[in-house]
Amino acid sequence: MAFTPGGLQSGAPKEVRPLTPEEQKKLEEARHLAEEKTTLEEERVYRKGKVTIRDLIAPAAMEITPSYIKVGDVFCRTMFVMTYPRYLTIGWFAPIINMNTSLDISMFFYPVKSEVILKQLKKKVGTLEAQINSDQDTGKPRDPVTETALRDVEGLRDSLTQGTERFFQFALYVTFYAKSKDELDRISGDLETMFGSKLIFSKRVFYQAEQGFNSTLPLGRDELMITFNMNSSPIAASFPFISSELSSDSGILYGINRHNNSLIIFDRFSMQNANAVVFATSGAGKSYAIKLEVLRSLMLGAEVIIIDPEYEYKHLSDAVGGTYVNVSLASESKINPFDLPRPVGEEQSSEDVIRNAVIVVKGLLRIMLGQLTSAEDSLLDRALLETYAKKDIVPGVDLTKVAPPTMQDLAEVLEGITGGGDMLIRLKKYTEGTFAGLLNSPTNVEIKNKLVVFSVRDLEDELRPMAIYTIVNHIWNTIRSERKRRILVIDEAWWLMRHEDSAKFIHALVKRCRKYYLGVTTITQDVNDFLASPYGMAILTNSSLQLLLKQSPAAIDLVQKTFMLTQGEKYLLLESGVGEGIFFAGAKHAAIKVVASYTEDQLITSDPKQLLEIEQAKKEFGDSNKPA
Numbered sequence: 000m001a002f003t004p005g006g007l008q009s010g011a012p013k014e015v016r017p018l019t020p021e022e023q024k025k026l027e028e029a030r031h032l033a034e035e036k037t038t039l040e041e042e043r044v045y046r047k048g049k050v051t052i053r054d055l056i057a058p059a060a061m062e063i064t065p066s067y068i069k070v071g072d073v074f075c076r077t078m079f080v081m082t083y084p085r086y087l088t089i090g091w092f093a094p095i096i097n098m099n100t101s102l103d104i105s106m107f108f109y110p111v112k113s114e115v116i117l118k119q120l121k122k123k124v125g126t127l128e129a130q131i132n133s134d135q136d137t138g139k140p141r142d143p144v145t146e147t148a149l150r151d152v153e154g155l156r157d158s159l160t161q162g163t164e165r166f167f168q169f170a171l172y173v174t175f176y177a178k179s180k181d182e183l184d185r186i187s188g189d190l191e192t193m194f195g196s197k198l199i200f201s202k203r204v205f206y207q208a209e210q211g212f213n214s215t216l217p218l219g220r221d222e223l224m225i226t227f228n229m230n231s232s233p234i235a236a237s238f239p240f241i242s243s244e245l246s247s248d249s250g251i252l253y254g255i256n257r258h259n260n261s262l263i264i265f266d267r268f269s270m271q272n273a274n275a276v277v278f279a280t281s282g283a284g285k286s287y288a289i290k291l292e293v294l295r296s297l298m299l300g301a302e303v304i305i306i307d308p309e310y311e312y313k314h315l316s317d318a319v320g321g322t323y324v325n326v327s328l329a330s331e332s333k334i335n336p337f338d339l340p341r342p343v344g345e346e347q348s349s350e351d352v353i354r355n356a357v358i359v360v361k362g363l364l365r366i367m368l369g370q371l372t373s374a375e376d377s378l379l380d381r382a383l384l385e386t387y388a389k390k391d392i393v394p395g396v397d398l399t400k401v402a403p404p405t406m407q408d409l410a411e412v413l414e415g416i417t418g419g420g421d422m423l424i425r426l427k428k429y430t431e432g433t434f435a436g437l438l439n440s441p442t443n444v445e446i447k448n449k450l451v452v453f454s455v456r457d458l459e460d461e462l463r464p465m466a467i468y469t470i471v472n473h474i475w476n477t478i479r480s481e482r483k484r485r486i487l488v489i490d491e492a493w494w495l496m497r498h499e500d501s502a503k504f505i506h507a508l509v510k511r512c513r514k515y516y517l518g519v520t521t522i523t524q525d526v527n528d529f530l531a532s533p534y535g536m537a538i539l540t541n542s543s544l545q546l547l548l549k550q551s552p553a554a555i556d557l558v559q560k561t562f563m564l565t566q567g568e569k570y571l572l573l574e575s576g577v578g579e580g581i582f583f584a585g586a587k588h589a590a591i592k593v594v595a596s597y598t599e600d601q602l603i604t605s606d607p608k609q610l611l612e613i614e615q616a617k618k619e620f621g622d623s624n625k626p627a
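Numbering follows numbering that gives the first Met the number 0, in which position 386 of the sequence shown is assigned residue number 385; successive positions increment by one, without gaps.
By construction, these hints were calculated from the structure, which means they are not laboratory data. There's no promise every hint is true.
Below are the DSSO-like pairs computed for lysine-lysine, each with C-alpha atoms no more than 27 Å apart in a straight line [to be verified]:
{"id": "1", "residue 1": "K592", "residue 2": "K569"}
{"id": "2", "residue 1": "K483", "residue 2": "K503"}
{"id": "3", "residue 1": "K510", "residue 2": "K428"}
{"id": "4", "residue 1": "K510", "residue 2": "K449"}
{"id": "5", "residue 1": "K483", "residue 2": "K514"}
{"id": "6", "residue 1": "K560", "residue 2": "K587"}
{"id": "7", "residue 1": "K447", "residue 2": "K333"}
{"id": "8", "residue 1": "K178", "residue 2": "K69"}
{"id": "9", "residue 1": "K514", "residue 2": "K587"}
{"id": "10", "residue 1": "K608", "residue 2": "K618"}
{"id": "11", "residue 1": "K400", "residue 2": "K389"}
{"id": "12", "residue 1": "K333", "residue 2": "K390"}
{"id": "13", "residue 1": "K618", "residue 2": "K313"}
{"id": "14", "residue 1": "K449", "residue 2": "K617"}
{"id": "15", "residue 1": "K202", "residue 2": "K178"}
{"id": "16", "residue 1": "K587", "residue 2": "K608"}
{"id": "17", "residue 1": "K389", "residue 2": "K447"}
{"id": "18", "residue 1": "K36", "residue 2": "K47"}
{"id": "19", "residue 1": "K333", "residue 2": "K503"}
Owing to the predicted nature of the structure, the values given are computational and were not obtained by experimental measurement.
The whole structure should be built from the sequences, with the hints applied where relevant.
Written as structure tokens, this is what we have:
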């Protein structure tokens, strides 16, 4: 034995006791925990020197005050709704959503079991009925407030019992942003006024600015928990599914959204069809709006064809290097209505081509000759087939190697047919008489430019429907020959809607143009005549875009009924200024103001005074550049 300062110690080695399973398990857990701590520490050290996306987008600092938060240089404040009125109109939230400021809106819904709320409502009914009976026993006058509350509670009980309504605790928070404290206070006042106009009591957060900010972040976390008892119907009226935004990622600028000053950017070819209608009274700016669309569409590579009844597009055509075709009795530009269709990309027999040509020409002749009897119609059909056969245009022939007939050929055929004398007499006015120079010559007009304008200003009113019909048919034949992104503008379309055959032709064009990558724009100031035609209404329903500018009092009721406008929208159209109205795109619509730049305005203006000033400036510029 040996003595040591610490006590007795045996010289023999100490025997080691084996670990129990429990002790071994604890030892393994301790070792695993130590390894995890080491790994986490290494990860922490690594991440400390790593820059993440969160670090890049996070503000430099956040200042939290009792009533607002300053995130970087931006001030933000949250408001919450405390109470609601007895009745909420659908869309009451729309003016707030469409405010011209950045808003974050959060809605939280906490379902309440129907049996729980029914118990409470039963107690409430008992209290209200006792109050009413007590008033009757004491001879007090009836209280309308108590009676109304009883009816409301009974109605809600019935709805909850039947399952047509659910009950919720509803929370509504709005966070808004500003660049300064003064602007933040101004927006706060505007919001409180808007809520107050709907009899809704709102409050600003106080000592809960951070909780309010977090509650409107896209985290789904309600840190304010300020709720109001509400059933399904008024909650549905609060849904923010009302927006006046009409902006897309591509397209052209149509104008400014008058609801919130946002831009209305739209691509008409992104809709189910690219057709549009424009209704407006004279001087409302319809031609101005369309010329602006044409100019901007040209910049995006679209080809545009215009039928101009009033010489309004000449200045624009000259500015962009377009082709301006003046169709008149004295003009050298001629279009033959007997031209054959030139389909491309589809198999079509020569017999079908001839049949389509006969149908189109017969529609024109009905406009020219007036009302036809059944016998005359049948006779005219036979005469047209013989007229084409006269030029070797018969089934089975290569139609690319034949020249189409003219109106004179038809007159000669009618002269040789028994019973065609009366129609021949009426037709001679267009072959030998006053109007002989319009529809009785081979076609010498080609559509090869990016912008082609057909003018019919110099034609008599009697000839305009026939000329426009012939022009549209010629354009349609050209369009079918090659698929391109094109827009066809038919100004003063009511000229065509007055005749059934021409209206039917335009309707067929509007229905079929989509597969040829064409968008048809019909413009009219005579809304009553246009919509009175059954084809006019069909054209409207086949147009995804509609532009309503200022309307006359005589037409506003029909427009309101057709477009299902509210009273507010009706008065907006009556009181709109030049270039102001309502823009429809599919199911969406918004109030619009057409706005052009200075250069665009100089190219597209229709103001006579402004046009005279431009012409004078051009003349002065030309005189100044002449050599002395």
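Non-conforming hints, listed in increasing numerical order: Going through the list in order, the structure violates hints 3, 16, 17 and respects the others.
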